[in-house]
Structure formats: C-alpha cells, structure tokens
Amino acid sequence: MKENITQSVEPTGSGGRKIPYDWFDGLIPSNVHLGDNVYIASSYEFDMFFSDSNDAMVLGDASGCYDQATFVTTGKSRISVGRYAIVQGTMMICTEKITIGDYFMSSWGAIITDNYMGGNLPLHARRALLENISRSPERQMPFSEAAPVTIEDNVWIGFGALVLPGTCIGRGSIIGCKSVVSGVIPEYSVVAGNPGKILRKLDPSDIRH
Amino acid sequence: MEHLYPLCPGATYEGDWFKGSIPLNIVAGSNTMIDSTNSFREFHSLLNPALVVGTNVTLWRSSLATETNGVIEIGDYCYLSNAALVSAKRISIGSRVFIAVGTTIVDSDFHPLDPLKRMEDILALSPTGNRANRPVIGSAEVIIEDDVWIGFNATILKGVRIGKGAVIEPGSVVVSDVPAGGRVSGNPAKLVS
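For the record, the sequence lines run as chains S and W.
Numbering-wise, my numbering comes out as the position in the first sequence, counting from 1, plus 109.
Numbering-wise, my numbering comes out as the position in the second sequence, counting from 1, plus 977.
FYI, nobody ran anything at the bench for these hints, they're computed from the structure.
Model, not experiment: these values are computed from the prediction.
Mixed in with the good hints there might be a few duds.
Capping the alpha-carbon separation at 20 Å, the derived lysine-lysine pairs in PhoX-like fashion look like this [claimed, not checked]: (1) W:Lys1167 with S:Lys306; (2) S:Lys287 with W:Lys1167; (3) W:Lys1167 with W:Lys1066.
Partial chain W-side listing against chain S, Cβ under 8 Å, derived [said to hold, decoys possible]: (4) Ala988; (5) Gly992; (6) Trp994; (7) Phe995; (8) Ser998; (9) Pro1000; (10) Ser1007; (11) Met1010; (12) Phe1017; (13) Ser1058; (14) Asn1130; (15) Thr1132; (16) Gly1148; (17) Val1152; (18) Pro1165.
Listed next, with one range per pair, are the computed distances between beta-carbon atoms [claimed, not checked]: (19) S:Pro304 with W:Asn1025: 43 to 53 Å; (20) S:Leu232 with W:Asn1015: 31 to 41 Å; (21) W:Ala1109 with S:Ala234: 48 to 58 Å; (22) W:Asn1110 with S:Ala234: 29 to 39 Å.
A virtual CB, placed ideally from N, CA and C, is assigned to each residue, including glycine.
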C-alpha cells in the first residue's frame, strides 16, 4: 500500500492539507477534492495552483499523481480527473477547464494545456502580459484566452507529448511520445508526430468490460 | 516558506526546499524573483559575472546550467517557466521574452561528433579520467532577441539567432536562425508565417 493516500492527509487550520513526510513544505489546497485511496507524491505539485473555484480540482478514486506531476491553475479554472488515473510527471496548465476520464495514463514531460499563454496574441499584448505579471506578487504565468480540453476514458499520453488548447481526445486513444496534438481526435486512434497524425485505429476491446 | 524569493548574489532562502545558495558570480536587477536555489545546481562557470539578469524577471523551476566558461544573459521582464538553459559559451536572451514550460536551450553539443574524439571525451569524463583532457567541443552562441515567445516543449540548439518578436510554436526544434517577426513550427522548425 502506498503512503500519502488521502486517509493519512491531515487538514490544517488554513483548510489546506499537509502530506506526512512531504519533502516540500506546502499544502494540498482545500479546493482540491480527493476520492478514496488517492495518492499524491508531494505538495510541490501545487506550488502554482491559484484557482479559487470551490471545485478547482477533483481526483477520482484510486488515482495517483507521481514524480512532480504539476497542476498550474488560475481564476475559476477546474481540473477534473476520473478514477484509476496514473498522472506521472505531467504538467497540466488549466485556466478554464480540463476534463479527463477514467483509466487515464500520462508520462513524464507531457503537457496538457487549455491556454496558449499569449503565443497567439500580437506583440503589444504579449508585452503587456509580461509587464503586468512583474507587478503581481504571485507571478502567475502570462495566461491569455482559454479553450477547454477534454480527454475521454482510457487514454494514454506518451512522454513529452503536448496536448494543446481546445483538444478533444476520444476514448481508448494513444498519443505517442513527443507528439503535438490539437483539434478533435476520434476514439481508438493512435496519434504521433508534430503535428500529430492518426497512424492507425485500435480495436475497441475495452467496451466489452 | 515563500512562493518566490528575490534573486541576489550569495543569497540563501529560509524555507527553500533545496539547501543551496545563489552563486556570487551573478548580477541581478531589482524585482527579479526565483523559486529555489535548485536552479543553480549545475552552475559551474568560473567567469564573473557568469549570469546577468535584468529587472522584473520571473524564474520558476528553471535550470540555469553553465560549464566553466558558460555565460547566460537575460534581459528585463522575461518569464522562464520550467526551462532548461545549458551554456558552454553564451546564451543571450533579450527583454520581454517568454519561455514556456518544458523548453530546452543549449549552445553546444557538449560532446564531440567525431567517433574517436567522443571516445576520448568519455574516457576523460569517466571516474578514472581527467576532465582537463577533454577534447575541444564545438559551441556556438545562442541569441534570442527582444519580445520573442517560445512555446511549450520547444528545443533551441546551438548557433541559433531568433529575431525580435519571433514566435516559436510549441514542440518546435529550432536548428537555424529565425527572422524577426517570424513564426516557426515543427522538427526541424520551418517558417509558417
């Protein structure tokens, strides 16, 4: 049995929760809702977590966040992850909504973002974003307009893959290592490359379970 | 514990999870903040200053790595998030440059391409070797001009100059110069507009 499962996480006066033996001196924010038997490796995963939504993050039963998985949030943004997810070393950047189903798997260096962070803005707007940030104590990232990301059940994201704003990934799909994906990916697709292309389709064998 | 600390030469920070200190051979402007001294774990430059950072910069979870002769320069109002800069010669970044999560910038291959020299390099780096015997390794400065935007998981390799206001699309591998105001994408990165 892993340590750091929710049963052993104590609430503190501020409403956040301290993970026993955490190497990082932080808290799991009070608006992160954990199902039964959720594992979180460290509160380091939440050091850029600024959403003040009541349900800023939901992690389903028996999900785990390992090896510096990191959740960057702001404003009223919400991240929802289903049951039995394995989130390993993945950065989720959420400024509006990221929704992930059950049986999710993602690997180190993967990034799932609903925000392009000014990359699509004209130069003067990018400048203003950076100049404004330097005046705030929190130094949140240069967020711009968001496009929510949806990932259905049983999706596997390979290491270093990039899921861009507005992406919808259908059930059972695999996103290959280092791919860059956007738009709508139909269910049971295997996608790879930059830009990501569908290489083949998988047998929907999991539907019978 | 603070979320971010002011970057100052020689500083140590109460509550920093990494029990290190900021090197003395750096220069940093006012209102420039960093999350941890961990960023300097591989800062081996003997030059002074080996890092020059302007004002109003944010450095979050980034790695500022230098070899003994490496130099990193960063202008004003830059934001580096989870970026890795590895310098054997010189990486120069202008002002108002944003570097998104997962980006790597290097100004050297760090090992020889020639098979025999590579073997010599491996021997010099081994526990029984002497680093002073490493062969000369090609390095070429990386220059990133003002107002450049570098997207998620991008890679910038040695000898590249990225012109003022250019945009590097997420996931790009940049191996050649990018003109001012250009937008590049792909591996190898090519001009898209």
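Comparing the hints with the structure gives:
{"no.": "1", "hint": "W:Lys1167 with S:Lys306", "verdict": "holds, 18 Å"}
{"no.": "2", "hint": "S:Lys287 with W:Lys1167", "verdict": "holds, 18 Å"}
{"no.": "3", "hint": "W:Lys1167 with W:Lys1066", "verdict": "violated, 26 Å"}
{"no.": "4", "hint": "Ala988", "verdict": "violated, 17 Å"}
{"no.": "5", "hint": "Gly992", "verdict": "holds, 6 Å"}
{"no.": "6", "hint": "Trp994", "verdict": "holds, 5 Å"}
{"no.": "7", "hint": "Phe995", "verdict": "violated, 10 Å"}
{"no.": "8", "hint": "Ser998", "verdict": "violated, 18 Å"}
{"no.": "9", "hint": "Pro1000", "verdict": "violated, 22 Å"}
{"no.": "10", "hint": "Ser1007", "verdict": "violated, 10 Å"}
{"no.": "11", "hint": "Met1010", "verdict": "holds, 6 Å"}
{"no.": "12", "hint": "Phe1017", "verdict": "violated, 18 Å"}
{"no.": "13", "hint": "Ser1058", "verdict": "holds, 6 Å"}
{"no.": "14", "hint": "Asn1130", "verdict": "holds, 5 Å"}
{"no.": "15", "hint": "Thr1132", "verdict": "violated, 10 Å"}
{"no.": "16", "hint": "Gly1148", "verdict": "holds, 4 Å"}
{"no.": "17", "hint": "Val1152", "verdict": "violated, 14 Å"}
{"no.": "18", "hint": "Pro1165", "verdict": "violated, 11 Å"}
{"no.": "19", "hint": "S:Pro304 with W:Asn1025: 43 to 53 Å", "verdict": "holds, 45 Å"}
{"no.": "20", "hint": "S:Leu232 with W:Asn1015: 31 to 41 Å", "verdict": "holds, 33 Å"}
{"no.": "21", "hint": "W:Ala1109 with S:Ala234: 48 to 58 Å", "verdict": "holds, 50 Å"}
{"no.": "22", "hint": "W:Asn1110 with S:Ala234: 29 to 39 Å", "verdict": "violated, 52 Å"}
Consistency note: the structure conflicts with the earlier hints numbered 3, 4, 7, 8, 9, 10, 12, 15, 17, 18 and 22.
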